[in-house]
Amino acid sequence: MADVNITPRISCDNCGLTVDKQLEQLGTNKSFKKPRTWGALKIEGSRSADSYGGKDRLDFTDLCPKCATAALEAAASVLKTTRGEE
Numbered sequence: 053m054a055d056v057n058i059t060p061r062i063s064c065d066n067c068g069l070t071v072d073k074q075l076e077q078l079g080t081n082k083s084f085k086k087p088r089t090w091g092a093l094k095i096e097g098s099r100s101a102d103s104y105g106g107k108d109r110l111d112f113t114d115l116c117p118k119c120a121t122a123a124l125e126a127a128a129s130v131l132k133t134t135r136g137e138e
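Residue 53 is where the sequence shown starts when you use our numbering, and the numbers rise one by one after that.
By construction, these hints were calculated from the structure, which means they are not laboratory data. One or more of the hints may lead you astray.
Claimed, not checked - Straight-line C-alpha distance at most 30 Å; calculated DSS-like pairs for lysine-lysine:
| id | residue 1 | residue 2 |
| --- | --- | --- |
| 1 | 118 | 85 |
| 2 | 85 | 73 |
| 3 | 118 | 73 |
| 4 | 132 | 118 |
| 5 | 118 | 86 |
| 6 | 118 | 82 |
What the hints assert, rightly or not - Label-pair distances were calculated between CB atoms; the ranges are:
| id | residue 1 | residue 2 | range |
| --- | --- | --- | --- |
| 7 | 110 | 61 | 18 to 28 Å |
| 8 | 98 | 68 | 22 to 32 Å |
| 9 | 131 | 92 | 10 to 20 Å |
Positions of the beta carbon are idealized from the N, C-alpha and C atoms, including for glycine.
Produce the complete structure using the sequences and hints provided.
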C-alpha cells in the first residue's frame, strides 16, 4: 500500500479563498495550523445579542490577509468617525 498524505485546507469566512494549512512538525508529531498571515474577527454589540449569529454579533474565525486587513480598516474608520475625529 502507498502512503497517502492529506493536507487539510482552510477557507476564508468572508470571500471563500481556500489554501493549504501549514504543517508544523515537532519531532514525530505533526500538526496543521492556519497560515500566520490569516486573521480572525469577533465583535459583539452592546445590545442584547443573539448568541446564534444575529445582527448584533460578527464572528469570523478564519479571514484571509486581504479580508482581515479590510475588516480592521473598516472598524477603525467607523470608530474614528464615532469619536468625532473626522
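Now the hints, each set against the structure:
For the proposed pair residue 118 and residue 85, the alpha carbon gap of about 19 Å is at most 30 Å, so the pair holds. The straight-line distance between the Cα atoms of residue 85 and residue 73 is roughly 5 Å, inside the 30 Å bound, and the hint therefore holds. For the hint linking residue 118 to residue 73, the alpha-carbon distance of about 17 Å falls within 30 Å, and the restraint holds. Taking the CA atoms of residue 132 and residue 118, the gap is about 21 Å. The hint holds against a cut of 30 Å.
Straight-line distance between C-alpha atoms of residue 118 and residue 86 comes to about 15 Å, which keeps the hinted pair within the 30 Å bound. Pair hint residue 118 plus residue 82 holds up; C-alpha atoms about 28 Å apart against a cutoff of 30 Å. Between residue 110 and residue 61 the beta carbon distance is about 23 Å. The supplied range of 18 to 28 Å therefore holds. For residue 98 and residue 68, the Cβ-Cβ distance of about 30 Å falls inside the hinted range of 22 to 32 Å, so the restraint holds.
As the Cβ distance of residue 131 to residue 92 is approximately 18 Å, the hint placing it in 10 to 20 Å holds.
When the structure is compared with the earlier hints, no violation turns up for any of them.
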